[in-house]
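K.L.:
Chains as they are written, first to last, in the working numbering: chain A, 1 to 199; chain B, 1 to 199.
Source of the hints: derived by calculation from the structure; they are not laboratory data. Among these hints, one or two may not hold up.
Computed footprint of chain A on chain B, listed as stretches where at least three residues anywhere in the stretch have a Cβ under 8 Å from a Cβ of chain A [said to hold, decoys possible]:
#1 143-153
#2 156-167
One side only, chain B facing chain A, incomplete, derived with CB under 8 Å [to be verified]:
#3 I8
#4 L31
#5 L188
#6 A191
C-beta atoms are modelled at their ideal positions from N, C-alpha and C, and glycine is treated no differently.
Number of protein chains: 2
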Amino acid sequence: MASLSPLINQLVTSLTILPGVGPKSAQRLALYLLEKDKAGAAMLVQHLSEALEKVGHCQQCRNLTENELCPVCDDAKRNHEQLCVVETPAEVLAIEQTGFRGRYFVLFGRLSPIEGIGPDALGLDKLKALVINNQVKEVILATNPTVEGEATAQYIQQLLFSLDVVVSRIAHGVPLGGELEYVDGGTLAHAIAGRIDIS
Amino acid sequence: MASLSPLINQLVTSLTILPGVGPKSAQRLALYLLEKDKAGAAMLVQHLSEALEKVGHCQQCRNLTENELCPVCDDAKRNHEQLCVVETPAEVLAIEQTGFRGRYFVLFGRLSPIEGIGPDALGLDKLKALVINNQVKEVILATNPTVEGEATAQYIQQLLFSLDVVVSRIAHGVPLGGELEYVDGGTLAHAIAGRIDIS
């Protein structure tokens with residue numbers, strides 16, 4: 001925008017890195033911050049730079065935290081016998097909402113030879129060590145139901161095969177509130193193959 | 001969220017000041033910044049703090065800029081005889097897109113006795129001086145068609161009454177693509193009262 005000053009234009013461009021924010025919303029956000037809420041914007045600068053500087057990975061589960069252990073790993077009341085493996089920190093939050101009270105392991109990705117993401121990048125050695133050292137009884141694989149997610153689940157299952165631990169995979173099937181007519185074939189096939197005896 | 005570290009929680013809270021960003025999207029944004037785009041986030045911190053520190057108001061039109069004059073006022077090719085009065089910087093951008101090539105005056109608000117916003121807060125003295133000193137021939141009042149916006153337009157019209165300047169108000173009527181059936185009565189009344197002879 002030629003009618004915006006260089007510094008404002010620069011801020012607009014920076015804001016477009018946010019997911020779901022295009023040039024138009026970035027403009028709106030930039031003007032809002034500079035015009036309506038300078039105090040809030042200054043706070044945002046401070047908190048974001050503080051987080052960028054200090055937040056790293058939990059020594060145990062790899063989730064994001066500024067401390068050695070994340071709040072979940074640090075919570076002695078958590079069930080340490082169940083370990084749920086997910087791809088991203090956002091998925092930890094989603095599973096927390098289900099009432100799950102075990103612990104997590106965050107891969108920060110999935111196996112993807114094309115992108116050069118191998119077992120090392122996902123910290124799978126660490127996962128194996130964690131299972132052995134922390135008396136984990138069950139590893140729940142909650143990677144996404146994509147090709148790479150499935151491959152990752154399968155790889156981890158084989159990795160833990162020799163250990164004395166139950167490895168389970170979250171169920172795939174018809175979502176609640178979904179109508180069979182509109183559910184895709186793959187999901188429906190999973191739903192039928194994974195049917196449960198209720199007699 | 002008990003499962004998020006304090007610094008991340010703090011960042012999430014800061015992000016909710018953005019318009020249209022609730023706690024859920026703020027969480028998504030925070031994790032995105034810390035997990036996927038630390039470089040972009042660092043850039044955002046830098047550009048936002050730079051803009052907060054340096055961006056002030058244009059000496060002439062009050063729009064946001066880090067320089068003495070904003071790019072529009074600084075552009076000698078602009079038609080200085082037309083001055084468009086708007087409430088916010090975002091409205092300058094909207095009017096720029098229509099191809100308008102005059103100059104602007106940004107009120108940063110509208111008259112609102114309830115909120116304690118009077119003529120001083122809107123810089124109306126400055127507006128009057130600008131009209132007198134810059135040989136402005138026409139002042140186009142483009143405040144919003146709300147009660148306060150209309151009152152502000154009326155106030156400015158009276159303020160400039162004794163000066164040798166045309167004061168006009170943007171047209172209100174049926175928007176393009178709108179169907180008469182669904183247009184509210186007030187707008188339709190404006191459209192009829194403001195009808196134009198095309199014979």
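K.L.:
Decide, hint by hint, whether the structure agrees.
P.N.:
Cross-check of the supplied hints:
1. 143-153: Three-residue rule not met by the stretch 143-153 of chain B, so violated; n is 0.
2. 156-167: Coverage by chain A is violated for the stretch 156-167 of chain B (0 residues, Cβ < 8 Å).
3. I8: Holds: closest Cβ of chain A sits about 6 Å from B/I8, inside 8 Å.
4. L31: holds (5 Å)
5. L188: violated (30 Å)
6. A191: Violated, because the Cβ-Cβ distance from B/A191 to chain A comes to roughly 28 Å (cut-off 8 Å).
In terms of the numbered hints stated before, the structure departs from hints 1, 2, 5 and 6, listed from lowest to highest.
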